[in-house]
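Each chain, written out:
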Amino acid sequence: MKILVCLSKSPDTTSKIAFTEGNTKFDENGVQYIVNPYDEWYALVRALELKEANGGTVTTITVGTAADDATIRKGLAIGADNAVRIDNEAKDAYQVASQIAAYAKEQAFDLILTGKETINYNGSQVAGMLAEELDLPFISLATSLDVNGSTATLSKEIVGGLEVVEAPLPLVVSAAKGMAEQRIPNMRGIMAARSKPLEVIAPSSSDELTTFVSYSTPDEKSAVKMIDPSNMDELVELLHNEAKVI
Amino acid sequence: MSVLVYVNSENGKLAKNALETVTYGSKIGEVTVVTNGDADEAVLSSLGKYGASKVWVDKSFSGNDAQQLTRMIVNAADKVSADTIIFSNDINGKAVAPRVSVKLKAGLVSGATEIPSADGTIKVNVFSGKAFGHVKVNSAKKVIAVLPNSIQPEEIGAEAAVESFDGNAGTSGVAIKEVKKPEGNIPLPEAELVVSAGRGLKGPENWGIVEDLANALGAATACSRPVSDIGWRPHHEHVGQTGVAIRPNLYIAAGISGAIQHLAGVNGSKVIVVINTDPEAPFFKAADYGIVGDAFEVLPKLTEAVQKFKAN
Numbered sequence: 001m002k003i004l005v006c007l008s009k010s011p012d013t014t015s016k017i018a019f020t021e022g023n024t025k026f027d028e029n030g031v032q033y034i035v036n037p038y039d040e041w042y043a044l045v046r047a048l049e050l051k052e053a054n055g056g057t058v059t060t061i062t063v064g065t066a067a068d069d070a071t072i073r074k075g076l077a078i079g080a081d082n083a084v085r086i087d088n089e090a091k092d093a094y095q096v097a098s099q100i101a102a103y104a105k106e107q108a109f110d111l112i113l114t115g116k117e118t119i120n121y122n123g124s125q126v127a128g129m130l131a132e133e134l135d136l137p138f139i140s141l142a143t144s145l146d147v148n149g150s151t152a153t154l155s156k157e158i159v160g161g162l163e164v165v166e167a168p169l170p171l172v173v174s175a176a177k178g179m180a181e182q183r184i185p186n187m188r189g190i191m192a193a194r195s196k197p198l199e200v201i202a203p204s205s206s207d208e209l210t211t212f213v214s215y216s217t218p219d220e221k222s223a224v225k226m227i228d229p230s231n232m233d234e235l236v237e238l239l240h241n242e243a244k245v246i
Numbered sequence: 247m248s249v250l251v252y253v254n255s256e257n258g259k260l261a262k263n264a265l266e267t268v269t270y271g272s273k274i275g276e277v278t279v280v281t282n283g284d285a286d287e288a289v290l291s292s293l294g295k296y297g298a299s300k301v302w303v304d305k306s307f308s309g310n311d312a313q314q315l316t317r318m319i320v321n322a323a324d325k326v327s328a329d330t331i332i333f334s335n336d337i338n339g340k341a342v343a344p345r346v347s348v349k350l351k352a353g354l355v356s357g358a359t360e361i362p363s364a365d366g367t368i369k370v371n372v373f374s375g376k377a378f379g380h381v382k383v384n385s386a387k388k389v390i391a392v393l394p395n396s397i398q399p400e401e402i403g404a405e406a407a408v409e410s411f412d413g414n415a416g417t418s419g420v421a422i423k424e425v426k427k428p429e430g431n432i433p434l435p436e437a438e439l440v441v442s443a444g445r446g447l448k449g450p451e452n453w454g455i456v457e458d459l460a461n462a463l464g465a466a467t468a469c470s471r472p473v474s475d476i477g478w479r480p481h482h483e484h485v486g487q488t489g490v491a492i493r494p495n496l497y498i499a500a501g502i503s504g505a506i507q508h509l510a511g512v513n514g515s516k517v518i519v520v521i522n523t524d525p526e527a528p529f530f531k532a533a534d535y536g537i538v539g540d541a542f543e544v545l546p547k548l549t550e551a552v553q554k555f556k557a558n
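Protein chains in written order, with this note's numbering: chain A, 1 to 246; chain B, 247 to 558.
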């Protein structure tokens, strides 16, 4: 089975979020980049588990510049067989998805996995766009994934619950929490990652359909109102009359 | 401007986010609503009150397969020459909007919190709620997925005509084997009131006091990441940067310190109440109302106060 896992980088979850150049650019000063947690913890680890059970290969793909190689090597250290980087700065989901689709069309993958979203842009767009570009079925927000021959069985989130579905391969899946558990790379994995192939390929031409023009940050919260723990009637009264939420 | 709004009408009912998206669309142009399945006509017709001029329903298929819905929506968009196609950025929207965007080569704006501004940019939630982005669409057509609980539904019109529509949705390769919907549970992403607890509760056997308060309020229950990681509560209750991001009207957090990753998932809440024994807990800085106290004492008292309030 040939599995492709899309990896994106994102700022570490503890990063301070600030902007520069008149609030038009994310301030990378002091920011540590990591592999986007949904891509790494759920999509990549489940792909590796499926490979360990059924045989096959796990390839990671990233649209990015040489600055992304550190996060790509992390994927190899966790256990991916090889990595591909499409040498282009990631601009918007459509541009990223169409570049990955152009590569995937040539390769006949059985399964293409992404995380459900990146923790910086929260778009949840690339997987669905990829599925449409490749004209494949798409299971979004999957919480479990098993493969038997040419059929995948998945659980996916639906409004108010979960649905168990069967879908034919090839298939595109976006992975949500529950699909797998985070793996910490060991020293042998880290050493092996140095010699695993990281292929850099030239981008195909593609459009950006959207542009982030600027950013802003939420208003500061007004000071918290402290309430005596023995006076919950007062809290209920405030929630009803002042905050008007009950 | 011609606007197409897709609403999910599973089991004949409309979720609140259907009213939000129709209201959103009515502020941009003339709204046609498209849906599928066995929705009740009177219910669909009521979307006219929120600004829909007509409602199309394709009864030839039910369910939420992304490929079938994409074909139906693209065909409807062509038929009404829609410039803008609107989804809720919920589970269905996330599955279908990206496909429609590619098919129509229409830029997709996900997580919109406001209607487009005068300069055409659209405000969206980014960095898991720690910031907003202002997005410009470069294509002639656009697809907007509206963040649930961001737009207040407004009644502005009368009933709308409901017409049957053949969306040429084709078949689905995906077979539904089982649907698990716990009865009586309020789904977390749509809940207006949420009661959440963390490690401060010391063990899964103590969740009764959280559930009692949730029942008294009619709220959903949630938890912090450590609590779901150690298996005290199911994964789908984990709110935060790597779990579910929610924006209820009221979020009550007991025994949660308020790590930056947790705040990211809840800081869209209108009102936050924090209960913690530690007066230095960082969560108090993000709270509207704070109580320094033991959750084991405060939660039952609060439940009692809510019951008393509801009884009057």
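No wet-lab data here; the hints were simulated from the structure. Backbone N, C-alpha and C define an ideal beta-carbon position, used for all residues, glycine too. Treat the hints loosely; a few may be bogus.
[Said to hold, decoys possible] Heads up, simulated DSSO-like pairs for lysine-lysine below, C-alpha to C-alpha not over 27 Å straight-line:
1) A:Lys16 x B:Lys273
2) B:Lys423 x A:Lys91
3) A:Lys25 x B:Lys382
4) A:Lys244 x B:Lys262
5) B:Lys325 x B:Lys351
6) A:Lys9 x A:Lys25
7) A:Lys16 x B:Lys325
8) B:Lys382 x A:Lys16
9) B:Lys423 x B:Lys259
10) B:Lys547 x B:Lys262
11) B:Lys351 x A:Lys91
12) B:Lys387 x B:Lys427
13) A:Lys91 x B:Lys387
14) B:Lys295 x A:Lys91
15) B:Lys448 x B:Lys531
16) A:Lys244 x B:Lys547
17) A:Lys16 x A:Lys2
18) A:Lys105 x B:Lys349
19) B:Lys325 x B:Lys259
20) B:Lys516 x B:Lys547
21) B:Lys387 x A:Lys244
22) A:Lys16 x A:Lys225
23) A:Lys244 x B:Lys295
24) A:Lys221 x B:Lys259
25) A:Lys225 x A:Lys244
[As the list claims (entries may be wrong)] Derived Cβ-Cβ restraints for the label pairs, each shown as a range:
26) A:Thr151 x B:Gly258: 29 to 35 Å
27) B:Glu424 x A:Asp219: 42 to 48 Å
28) B:Glu457 x A:Asp228: 23 to 29 Å
29) B:Gly416 x A:Gly161: 43 to 49 Å
30) B:Glu550 x A:Asp219: 31 to 37 Å
31) B:Gly416 x A:Asn23: 41 to 47 Å
32) A:Met187 x B:Val425: 42 to 48 Å
33) B:Lys325 x A:Gln182: 44 to 50 Å
34) B:Lys516 x A:Thr65: 21 to 27 Å
So, going through the hints one by one against the coordinates:
{"no.": "1", "hint": "A:Lys16 x B:Lys273", "result": "35 Å, violated"}
{"no.": "2", "hint": "B:Lys423 x A:Lys91", "result": "38 Å, violated"}
{"no.": "3", "hint": "A:Lys25 x B:Lys382", "result": "15 Å, holds"}
{"no.": "4", "hint": "A:Lys244 x B:Lys262", "result": "19 Å, holds"}
{"no.": "5", "hint": "B:Lys325 x B:Lys351", "result": "16 Å, holds"}
{"no.": "6", "hint": "A:Lys9 x A:Lys25", "result": "16 Å, holds"}
{"no.": "7", "hint": "A:Lys16 x B:Lys325", "result": "46 Å, violated"}
{"no.": "8", "hint": "B:Lys382 x A:Lys16", "result": "25 Å, holds"}
{"no.": "9", "hint": "B:Lys423 x B:Lys259", "result": "22 Å, holds"}
{"no.": "10", "hint": "B:Lys547 x B:Lys262", "result": "31 Å, violated"}
{"no.": "11", "hint": "B:Lys351 x A:Lys91", "result": "16 Å, holds"}
{"no.": "12", "hint": "B:Lys387 x B:Lys427", "result": "36 Å, violated"}
{"no.": "13", "hint": "A:Lys91 x B:Lys387", "result": "19 Å, holds"}
{"no.": "14", "hint": "B:Lys295 x A:Lys91", "result": "39 Å, violated"}
{"no.": "15", "hint": "B:Lys448 x B:Lys531", "result": "24 Å, holds"}
{"no.": "16", "hint": "A:Lys244 x B:Lys547", "result": "20 Å, holds"}
{"no.": "17", "hint": "A:Lys16 x A:Lys2", "result": "38 Å, violated"}
{"no.": "18", "hint": "A:Lys105 x B:Lys349", "result": "17 Å, holds"}
{"no.": "19", "hint": "B:Lys325 x B:Lys259", "result": "26 Å, holds"}
{"no.": "20", "hint": "B:Lys516 x B:Lys547", "result": "23 Å, holds"}
{"no.": "21", "hint": "B:Lys387 x A:Lys244", "result": "39 Å, violated"}
{"no.": "22", "hint": "A:Lys16 x A:Lys225", "result": "26 Å, holds"}
{"no.": "23", "hint": "A:Lys244 x B:Lys295", "result": "25 Å, holds"}
{"no.": "24", "hint": "A:Lys221 x B:Lys259", "result": "36 Å, violated"}
{"no.": "25", "hint": "A:Lys225 x A:Lys244", "result": "15 Å, holds"}
{"no.": "26", "hint": "A:Thr151 x B:Gly258: 29 to 35 Å", "result": "31 Å, holds"}
{"no.": "27", "hint": "B:Glu424 x A:Asp219: 42 to 48 Å", "result": "45 Å, holds"}
{"no.": "28", "hint": "B:Glu457 x A:Asp228: 23 to 29 Å", "result": "25 Å, holds"}
{"no.": "29", "hint": "B:Gly416 x A:Gly161: 43 to 49 Å", "result": "26 Å, violated"}
{"no.": "30", "hint": "B:Glu550 x A:Asp219: 31 to 37 Å", "result": "34 Å, holds"}
{"no.": "31", "hint": "B:Gly416 x A:Asn23: 41 to 47 Å", "result": "45 Å, holds"}
{"no.": "32", "hint": "A:Met187 x B:Val425: 42 to 48 Å", "result": "45 Å, holds"}
{"no.": "33", "hint": "B:Lys325 x A:Gln182: 44 to 50 Å", "result": "47 Å, holds"}
{"no.": "34", "hint": "B:Lys516 x A:Thr65: 21 to 27 Å", "result": "40 Å, violated"}
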